Amino acid sequence: AQSVTQPDIHITVSEGASLELRCNYSYGATPYLFWYVQSPGQGLQLLLKYFSGDTLVQGIKGFEAEFKRSQSSFNLRKPSVHWSDAAEYFCAVGLKTSYDKVIFGPGTSLSVIP
Amino acid sequence: EAGVAQSPRYKIIEKRQSVAFWCNPISGHATLYWYQQILGQGPKLLIQFQNNGVVDDSQLPKDRFSAERLKGVDSTLKIQPAKLEDSAVYLCASTPARRSTEAFFGQGTRLTVV
Numbered sequence: 001a002q003s004v005t006q007p008d009i010h011i012t013v014s015e016g017a018s019l020e021l022r023c024n025y026s027y028g029a030t031p032y033l034f035w036y037v038q039s040p041g042q043g044l045q046l047l048l049k050y051f052s053g054d055t056l057v058q059g060i061k062g063f064e065a066e067f068k069r070s071q072s073s074f075n076l077r078k079p080s081v082h083w084s085d086a087a088e089y090f091c092a093v094g095l096k097t098s099y100d101k102v103i104f105g106p107g108t109s110l111s112v113i114p
Numbered sequence: 001e002a003g004v005a006q007s008p009r010y011k012i013i014e015k016r017q018s019v020a021f022w023c024n025p026i027s028g029h030a031t032l033y034w035y036q037q038i039l040g041q042g043p044k045l046l047i048q049f050q051n052n053g054v055v056d057d058s059q060l061p062k063d064r065f066s067a068e069r070l071k072g073v074d075s076t077l078k079i080q081p082a083k084l085e086d087s088a089v090y091l092c093a094s095t096p097a098r099r100s101t102e103a104f105f106g107q108g109t110r111l112t113v114v
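First to last, the protein sequences are chains D and X. Take the first sequence: its position 109, counted from the start at 1, is 109 in this note's numbering, and no numbers get skipped. Take the second sequence: its position 105, counted from the start at 1, is 105 in this note's numbering, and no numbers get skipped.
Note that these hints are calculated values from the structure, not bench results. None of these values were measured; they are calculated from a predicted model. Treat each hint with caution, since some may be false.
To be verified - Derived DSS-like pairs (lysine-lysine); straight-line CA-CA distance at most 30 Å:
| # | chain 1 | residue 1 | chain 2 | residue 2 |
| --- | --- | --- | --- | --- |
| 1 | D | Lys101 | D | Lys68 |
| 2 | D | Lys61 | X | Lys71 |
| 3 | D | Lys96 | X | Lys62 |
| 4 | D | Lys61 | D | Lys96 |
| 5 | D | Lys68 | X | Lys71 |
| 6 | D | Lys49 | X | Lys44 |
| 7 | D | Lys101 | X | Lys71 |
| 8 | X | Lys44 | X | Lys71 |
| 9 | D | Lys101 | X | Lys78 |
As the list claims (entries may be wrong) - Just so you have them, the derived chain D footprint on chain X, three or more residues with Cβ under 8 Å:
| # | region |
| --- | --- |
| 10 | 41 to 51 |
| 11 | 70 to 76 |
Heads up, the beta-carbon is just placed ideally off N, CA and C, and yes, glycines get one too.
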């Protein structure tokens, strides 16, 4: 069955430090890949997406993600974290079936120490 | 462009009562999703519509949950009767066309069952 895993439930980093959030998926083909961010009480906001082509994808707010087919991974990175980045981050995959289907990982909660 | 609209934002009901949520997707979006997000978890797909037809309701608890999308536009999700474990945020999302898969989310409805 298709699945998305985010191994880190919670991560704490200092402001200004680099960040990497991990995401792995299980699917028979290369899916579409997304990272969403959810701040407390807010809806889900798309950070970036991968459909095809260049495996390093740039997103909003200084985030980037790299697709590695051999590892079935799509890790999110940011070189310098800001306090406002504290939020819940969700990796999601879009399955290439006869209809679009998007499934989400369990999320990683990010705390930022000033 | 207006976003995905959901109402109400918050709802508190007693167990065994019924409740309904409403979603108005972005104009022209053919695909509509309802997700359930329990506190601390990622969104779980409940049902997916393509225009006014259901394409995936495999995770919808059909003994108590129902959903419809009349005329392929607005959608309602109903729970009857509600259980304590239904307490969650119910998210509606839409995508513009087949295989675009970038989902746009509403703010969600936070349901508390007491």
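Going down the list of hints, with the structure as the test:
Of the supplied pair hints, the one linking Lys101 (chain D) and Lys68 (chain D) holds, its CA atoms being roughly 21 Å apart against a limit of 30 Å. Pair hint Lys61 (chain D) plus Lys71 (chain X) does not hold up; C-alpha atoms about 38 Å apart against a cutoff of 30 Å. A hinted pair counts as satisfied when its Cα atoms are at most 30 Å apart, and Lys96 (chain D) with Lys62 (chain X) qualifies at roughly 26 Å. Simply put, Lys61 (chain D) and Lys96 (chain D) have alpha-carbon atoms about 28 Å apart, close enough for the 30 Å limit, and the pair holds.
Annotation: proposed proximity of Lys68 (chain D) to Lys71 (chain X) is violated, straight-line Cα distance about 41 Å (limit 30 Å). Taking the CA atoms of Lys49 (chain D) and Lys44 (chain X), the gap is about 19 Å. The hint holds against a cut of 30 Å. Annotation: proposed proximity of Lys101 (chain D) to Lys71 (chain X) holds, straight-line Cα distance about 21 Å (limit 30 Å). Of the supplied pair hints, the one linking Lys44 (chain X) and Lys71 (chain X) holds, its CA atoms being roughly 25 Å apart against a limit of 30 Å.
Between the alpha carbons of Lys101 (chain D) and Lys78 (chain X) the distance comes to roughly 22 Å, so the proposed pair stays at or under 30 Å and holds. Under the rule that three or more residues need a Cβ within less than 8 Å of chain D, the assignment of the region 41 to 51 of chain X holds, with 7 such residues. Coverage of the region 70 to 76 of chain X by chain D is violated in this model, with 0 residues showing a Cβ closer than 8 Å to a Cβ of that chain against a need of three.
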